[in-house]
Amino acid sequence: MDIKHFINFSELSISDLHTWKEEGGKVAGVYCIYAPIELIRAAGVAQVSLCGKKQAPIKEAERDLPASLCPLIKSSYGYALNGTCPFFTASDILIAETTCDGKKKMYELMGKLKPLHLMHLPHTQQGTAPFEYWMMSLRELEDFLFECSKVKVSAEGLHNQIVLQNKIRNELYQIAILAANEKSPLTARDMLAIQESKSFAVFPDKYLARLTALRTSLATFLKQPNLPASQSLRILMTGCPVGKGSEKTIRITEELGARVVCMENCSGLKGMTLPVDETGDPHEALARRYLKIPCSCMTPNQSRLESIEEMVSTFKVDAIMDMTWIGCHTYNAESTTLQRFVEKKLKIPFLHIETDYSESDTEQLRTRIEAFIELS
Amino acid sequence: MIVGLDIGSRSIELVGLVDGVTELTLRVPTTFDPISQCTKLLDGLRPASLVGTGYGRNLIQRLDLGCELSTITEIKAHALGAMHFFPQARTVLDIGGQDTKAISLAKGKVVKFEMNDRCAAGTGKFLEYTAGVFQISIENFGEYALKGQNPPEISSICTVFAETEATSLMARGEHPESIAMGLHKAIVKRTVNMLNRVSLNFPMVFSGGVANNPCVLKLLAEEINAVLGTDILVPQEPDMVGAMGAALHGNTNC
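Residue numbers (the working numbering), protein chains in the order written: chain F, 1 to 376; chain S, 1 to 254.
Each hint should be verified, as a subset may be incorrect.
Straight-line alpha carbon distances no greater than 20 Å define the calculated PhoX-like cross-link-like pairs of lysine-lysine that follow [what the hints assert, rightly or not]: (1) Lys189/S with Lys344/F; (2) Lys107/S with Lys344/F; (3) Lys347/F with Lys107/S; (4) Lys125/S with Lys189/S; (5) Lys105/F with Lys26/F; (6) Lys109/S with Lys347/F; (7) Lys21/F with Lys59/F; (8) Lys112/S with Lys347/F; (9) Lys183/F with Lys167/F; (10) Lys292/F with Lys316/F; (11) Lys316/F with Lys347/F; (12) Lys345/F with Lys125/S; (13) Lys344/F with Lys112/S.
No wet-lab data here; the hints were simulated from the structure.
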């Protein structure tokens, strides 16, 4: 089973991006899973995720932004400023979202660097008015995309993208389930790379084929007799997004002998079990699906608890780690609700870790995670 | 002999057990060379097994002892140590030099814990630093603060901000003893929040160097409506609890 391709996926995708651009294709840089990939692709635009997972550019960002903002916002802005993110450089347009106050204000500054469209999200998933507001917001995005690519989104084109992205999401979820098998050789950091790859797929058909090949070879591998089975503690990680460069909690957990078998966060499996309805009006179906994403920017966010409950059972989880970034008010505050739910309803151990991208608390984290593993 | 070594940020404690009986308790400051300090502590000892705990627990791998080595976290060590001194313990509060831990126990096991993160606000370090501002030794700071009356509210538990706040209170003419008491109260408030998060049950064992501070003890008892000696239990040498827990872990392992 070859996962090398996925480990270096973002680097490899740069040549795909060049090909795409040489053929006259436009590129949208995005930050968040609320960016509706189906609509963006249907408008003839390729989408890539922009850098924002490393500590390095934070210093530069703090020239313009308060130090107390979360590291994700500062890192994203720092990368945009210093020109070291190749995906930012390759982007013709940026698609941003109002998932938090810090981001909104940062995007005002970032909008000076490149054409940026801010998608306005409602604060709740409930009621008709918020839904209509979100529908209109997506219409505005469509207009913005048209300005860039001059491609009109057709119902058929959108439908085709929906079908394709549903398949990709499903493959990723199936791979995650197989990877969590006690006999699977894949580590959480391998899974992190595989899950991250979805954000850099310039040619989605080719990408889907790669995912299917990986899923098939993983399934075949697991059918071999006498594979050693891991006895490690199985951890579900939730909270803020994690990527290459900000995965210290996962690294420490694995060094201490436990296994992160499932990442519920938005860099992981959040939304992977939410297909877009392929039958109705594609615009409406798309809006409904995206508004269902269980992000802490929504209130209430009951579906996050339900999704975690489901994953605890699917992935045979022993304990939950909620990892949030300092300054992320919504995820930090929601941790209390989640902790009560996990302890009362799921009755498994729960640990909240609040940290940032720096390595300065590595040893403190090691103690806390080690003690958590001791008691679990 | 089974040795438990608690390598903390401010001090290193050693407990030596022979057939489950304490033969030896030693303590040195950590300094910037904890390995040499550990070597000094272990000089002349030939332990059959050594269990490290505390922030520097993994340093024991670098001690050339030729005996069985293992480590446990300070959470587990304090739980084991506290239950050894007080088998009826339901909660452990440990305020050490660099961190504060609240541990909830049930059926002899840790069920939940809280710990401060990288910031040492509200720990022994906070008291040490602020005692310095008053030019009083850390050992006498608690007694000094007990003389305070109507302590002003110190809203910051950040060591640096708290000093600024204390300085402005002095400029306003508040009595230094009362300000000192206010600083103690700030620690206690933060500690109580942590205790409530793990759900506080009595009796609670209070360990770590800060358990020697009479002002923290008094204010804490008031804040959580507890009686010292029955609800709050302080071991004779509260800073030895971690090392004792580590030594006991070694004992059960053999």
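Structure-based check of all given hints:
1. Lys189/S with Lys344/F: Distance of about 27 Å is beyond 20 Å: violated.
2. Lys107/S with Lys344/F: Holds, because 19 Å separates the two Cα atoms, which is no more than 20 Å.
3. Lys347/F with Lys107/S: 17 Å, holds
4. Lys125/S with Lys189/S: 16 Å, holds
5. Lys105/F with Lys26/F: Given pair Lys105/F, Lys26/F is violated - Cα atoms ~26 Å apart, limit 20 Å.
6. Lys109/S with Lys347/F: With a Cα-Cα distance of about 16 Å, the restraint between Lys109/S and Lys347/F holds, given a limit of 20 Å.
7. Lys21/F with Lys59/F: Since the Cα atoms of Lys21/F and Lys59/F sit roughly 32 Å apart, the hinted pair is violated (cutoff 20 Å).
8. Lys112/S with Lys347/F: Cα-Cα ~12 Å, so holds.
9. Lys183/F with Lys167/F: Measuring from Cα to Cα gives roughly 25 Å; hence the hint is violated.
10. Lys292/F with Lys316/F: 24 Å, violated
11. Lys316/F with Lys347/F: Within the cut-off at roughly 13 Å; holds.
12. Lys345/F with Lys125/S: This hinted pair is violated, its Cα atoms lying about 39 Å apart.
13. Lys344/F with Lys112/S: Within the cut-off at roughly 13 Å; holds.
Hint check: violations occur at hints 1, 5, 7, 9, 10, 12; the rest are consistent with the structure.
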